[in-house]
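Keeping their order, the protein sequence lines are chains Z and V.
Our numbering puts the first residue of the first sequence at 806, with every later residue one more than the last.
Our numbering puts the first residue of the second sequence at 40, with every later residue one more than the last.
Simulated from the structure, these hints should not be mistaken for laboratory data.
The beta carbon of each residue, even a glycine, is placed where N, CA and C say it ideally should be.
Wrong hints could be hidden among the right ones.
From the structure, some residues in chain V lie toward chain Z, with a derived Cβ separation under 10 Å [as the list claims (entries may be wrong)]: (1) V73; (2) H76; (3) K86; (4) I94; (5) T115; (6) R134; (7) T138; (8) R145.
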Amino acid sequence: MANKKRRKKRAFQATGWVESQASQTSTDDIKLEPIVFVGSAEQRLLDFQEIHRRALLARMLRQIRPPANLEFILHLLMSRADCEALIGDLEEQYRILVERLGKTKADLWYTKQVSTSIWPLLRDSVRRLTNSTVINVLCLVLRFWGLGGLAEELKQISGAKQKQK
Amino acid sequence: MWGKVVGLMSDSLGEFEVLVLTAVIAAGKDAYGVSIHREVEGLVSSKRNVSAGAIYTTLGRLEDKGFVESWFGDATPERGGRAKKFYGITAAGSRSLTTALEPMGRALQVIRQGTK
């Protein structure tokens, strides 16, 4: 314990943040002395700790990546812009969870989110595909009845809607 | 008329669509995927799991119907350099939500009066 205190004091003296109270170097004197901070040393120590904490956090955030293998599933089922927004949302929440619960639980949460998203996304893709198929069939029928103009109008509106997406 | 034919969908709102529209209103100016997801989870019972994919497909459907509008924000580092997609309710969406919720409000009133 005494050794630990001595080492701590020497470390502080080396940084110049703490003033040595005794000129003697006897072990007994050092043991009895409390550590006295001079000026804003305490504040500097806190600053140093904060900087260290932030550097660690930044390094951690750079290293933290959600399970990348799952992203491609979302890319298959969504438009590029929507997919990027969804992955961004998941990654934002994932990083918060890593800090709160740890990487394993955050990985599990991410996997659960992606796997439960597959069915609604798949259903939506099928719905969009069905819609375009129905429109194509409708246009064919209209053309067959000699209503080519209406069919063209229908196609144009449908194309405009798809462009908007 | 053709818009509706091409859209191949009705203007009425489903239960989940009502929840998502309400969440968009509740999230206010900061209505993007995460905040909307949080609001929806706050609205539904804790037993029900709401996936982010379901929120996005519903928002896409509502956008097709013209009930919400969307725009992209700036990319941020905590999202891996990806942009946020913000949503806002349109006047048509607001009208449709009111129409969908009015009967429920009246029903709730009747129930409350009945239990007094």
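Do the hints match the structure? See the list:
Nearest Cβ of chain Z to the Cβ of V/V73: about 5 Å, under the 10 Å cut. The hint holds. For V/H76, the suggested interface contact is upheld, since its CB lies about 7 Å from the closest CB of chain Z, less than 10 Å. At a threshold of 10 Å, the smallest CB-CB gap from V/K86 to chain Z is about 14 Å, leaving the interface hint violated. Below 10 Å, beta-carbon pairs count as interface contacts, and V/I94 has one with chain Z at about 9 Å; its hint therefore holds.
For V/T115, the suggested interface contact is upheld, since its CB lies about 8 Å from the closest CB of chain Z, less than 10 Å. Interface restraint check: V/R134 against chain Z, minimum CB-CB distance 21 Å, threshold 10 Å, status violated. Interface restraint check: V/T138 against chain Z, minimum CB-CB distance 23 Å, threshold 10 Å, status violated. The interface hint given for V/R145 is broken, as the beta carbon of that residue sits about 31 Å from the closest beta carbon of chain Z, more than 10 Å.
Hint check: violations occur at hints 3, 6, 7, 8; the rest are consistent with the structure.
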